[in-house]
Amino acid sequence: MPEKIIPKKTPMREQPPKERIKNFNEVPYGYSPEEAIAEAKRCLQCKKAPCVAGCPVEIDIPGFIKFIAEGDFKSAIRLIKEKNVLPAVCGRVCPQETQCEQVCTLAKKYEPVAIGRLERFAADYEAAQGEAPIPELPPSTGKKVAVIGSGPGGLTVAGDLIRLGHSVTIFEALHKPGGVLVYGIPEFRLPKAIVYREVDYLIRCGVKLVLNFIVGKTATIDQLLKEFDAVYIGTGAGLPWFMNIPGENLNGVYSANEYLTRSNLMKAYLFPEYDTPIARGKRVAVVGGGNVAMDCARTALRLGAEEVHIVYRRSKQEMPARIEEIHHAEEEGVIFDWLTLPVRYIGDERGWVKEMECIKMQLGEPDASGRRKPIPIEGSNYITPVDTVICAIGQGPNPLIPQTTPDLKAGKWGNIEVDKATMKTSKPKCWAGGDVVRGGATVILAMGDARIAARSIDEYLRTGVW
Amino acid sequence: MVKILKKELLVPNIHFMVLESEVIHLNAKAGEFVVVRPDEYGERIPLNLVDWDEHSASVVFMEVGTSTRKLGCLKSGDTIADLAGPLGRPTEIVTGKKILAIGGCYGIGALYPVLRAFKESGNTVITAIEARSAFLLYWQERLKKYSDEFFEITRDGTRGFTGHIDKFLNWYLLKNSVDMVYAQGCAYLTYLVSQTTKPVGIKTVVGLNPIMIDATGMCGVCRVIINGETKFACVDGPEFDGHSVDWANLLTRRHIYINEERRSLSFYECEKYG
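Protein sequences, first through last, are from chains A and B.
If you read the first sequence in my numbering, its first letter stands for residue 1, the second for the next number, and so on.
If you read the second sequence in my numbering, its first letter stands for residue 1, the second for the next number, and so on.
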């Protein structure tokens, strides 16, 4: 128990907004050992820790925080890694405020313990000591598992199964591993070197990684099953949605996936050193209110935009983005147009978007999502100049595997259907999890699904019972 | 890294490249494409798959921007960073039809596996390849092997029929009937073919070549308008009914990065040659 309760989190130093919008370097610097120890000492070490239940992968949170408070950082990271193979990633991108930190006992009266920042600290501390040691692995079971997709879910399944003695091969469609962690989340929020470090750790543990292999096209799941005993499908949300309004195919109108993939995976922010270009708009509108929209808006600023608007049809309260992301975007000067819906894009004579027409909205009764439904205000239309539009309204699951695997049951939106207790699909020997099952969700939920699937896969491989 | 088993300049600016691959052949079909990336800095370039066997996958490409210029500078025995595929939907291979197949530019190479598949499925295949001048035509012998009739078209009249593809089509279709026209090549060629066959109502399938990045349906940059509906060329195509394509939109979208491409190329050439 701390001697005296400190009501607020130990602040984390970060790049000042005016400076950081000129670079792609990470925004928060992370805790120093002294700051981490001070923050860790705020933890009440609850016997019945609600934070653990709030964590989709059930990290022993009070346990690792206690180690940090004692200055035993190595034991802290070892304990985290028992449950989470990607702590440096989760410490940065998990929505802790709606998970572990939301249910923190301190949060009833004060600010919760900064669990995410402490997780990040422990992971970064380990990385700074050089290559992470490889855990002792059990003898090989002789069973082979194919993991499709090297995003957070795929990496988690691989990490869990390799430590249980199974042989694991990850198949990745793109030329870099990491999935959404690499193509989707920008460098300033999650440095790619961190992702590659985690992937490298798995490879050193014996996981095989095959890049440029598109399951569904290069080989089908049925072809894989001739060689592998089990398959995990973690192919993510790979189909961008558009609004189907006039002018969406004008030049300068992007899907969030395209905009972020150009910048993050293809490094278009370093053009012309890298060959892939990206529009460097001066007046940018980002449509949508999630984390992806925030990432696009903040990327646009760093690419030199003079004015970036988030155009969202509901109000700030209903925004699905993390508070921290909204806060960072606001600090950096992103303008929020609440209760606003684009209705068409207007092009110039060369086919480039030059204006967008929007309509103002008001909130009505709660809809199926529990949020108040936005209703257009008749006659409130207005036209505003833009030279780049990024559509960040969500995405569906990638269709390549469902299309080429007819006996895999998929829902109306193409989501693969699973048994939630085991993540088993309708096809024997096939498991699935993450966004290909859920639609657009989070990194940690994909990892939670992966953990459940890994347990079930291990049981199947040991017993042979489907 | 992927080894270049063979690299050959077919005609000025157009190259043939055989890449080492143990997996592309597993499911490869005519009409599909692959993505290559020359080096760590390069773009992901979609290229038609022109041939394959158990150990290789071949492409024909034209030097246009920096990344294809980089590919063009490589030689047999060198390596490229990445090769992925096959991608896209294969050509629908009909049977027992009379098909006029047209290729121009890099599309002459792209035509090869499709002619082979058409011929092997019992179709009558009339092949026409076109270029500005005779020295830009290639692979005549290779294509003739799967053609019942074979035409060469040059705009300057240095070989075969003189004129552009529309003139040839008008001439040929005046005295011959075909069930279907199939065309591979630059957007202007496939546009012109589609425009010419539309009034006479001949089914026309064209391979489109919009800008792509991931080429697996994820980014949506390759969207094309087909019959008023947005489709992704990488997963719904790249072949579509030429009479349903919104050509103005396709041609405009292909030029999104024309200024950046110029800048990139001059940057690359300064870096390389000083």
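Read the hints as simulated data drawn from the structure, not as lab findings.
All residues carry an ideal CB built from backbone N, CA and C; glycine is no exception.
Misleading hints may appear alongside valid ones.
What the hints assert, rightly or not - Dumping the calculated PhoX-like pairs for lysine-lysine here, alpha-carbon to alpha-carbon at most 25 Å: (1) LYS354(A) with LYS231(B); (2) LYS429(A) with LYS226(A); (3) LYS3(B) with LYS208(A).
Stated by the list, open to error - Partial chain A-side listing against chain B, Cβ under 7 Å, derived: (4) SER167; (5) THR169; (6) HIS175; (7) ALA219; (8) SER255; (9) TYR274; (10) ASP275; (11) THR276; (12) GLN317.
Said to hold, decoys possible - A short, non-exhaustive set of chain A residues, derived as facing chain B with CB atoms under 10 Å: (13) ALA173; (14) TYR183; (15) LEU209; (16) GLY216; (17) THR218; (18) ALA237; (19) ASN249; (20) ASN251; (21) ASN257; (22) TYR259; (23) PRO399; (24) GLN403; (25) TRP413; (26) ASN415.
| query | Does GLN403(A) pass the interface check with chain B, least Cβ-Cβ distance below 10 Å? | reply | Holds - the Cβ of GLN403(A) comes within 10 Å of chain B, reaching about 8 Å at its closest.
| task | Let me know if the C-beta of SER255(A) comes in closer than 7 Å to any C-beta of chain B, holds or violated. | result | holds, 4 Å
| task | Against chain B, run the beta carbon of TYR274(A) and see if the smallest gap drops under 7 Å. | result | OK, holds: TYR274(A) within 7 Å of chain B, min 5 Å.
| request: Report holds or violated for the interface hint on PRO399(A), using the least CB-CB distance to chain B and a cut-off of 10 Å. | output: holds, 6 Å
| field | chain B contact restraint for ALA237(A) - C-beta distance below 10 Å | value | Nearest chain B Cβ about 9 Å off; hint holds.
| query | Per the CB criterion, is ASN257(A) less than 10 Å away from chain B? | reply | holds, 5 Å
| When the nearest CB of chain B is found for TYR183(A), is that gap smaller than 10 Å? | It holds, given that the least Cβ distance between TYR183(A) and chain B is near 8 Å, below 10 Å.
| Does ASN249(A) pass the interface check with chain B, least Cβ-Cβ distance below 10 Å? | Holds - the Cβ of ASN249(A) comes within 10 Å of chain B, reaching about 6 Å at its closest.
| message | ASN415(A) was flagged as interface toward chain B. Is the shortest Cβ-Cβ separation under 10 Å? | response | violated, 15 Å
| Does ASP275(A) meet its interface restraint, that is, does its C-beta lie within less than 7 Å of any C-beta in chain B? | At 5 Å from the nearest chain B Cβ, ASP275(A) passes the 7 Å test, so the hint holds.
| task | Would you settle whether the hint for THR169(A) is holds or violated, based on the nearest Cβ-Cβ distance to chain B being less than 7 Å? | result | violated, 13 Å
| Restraint satisfaction for ALA219(A) [CB to CB of chain B, less than 7 Å] | Holds. Min distance 5 Å.
This entry does not satisfy hints 4, 5, 12, 15, 25 and 26, going by the numbered hints stated previously.
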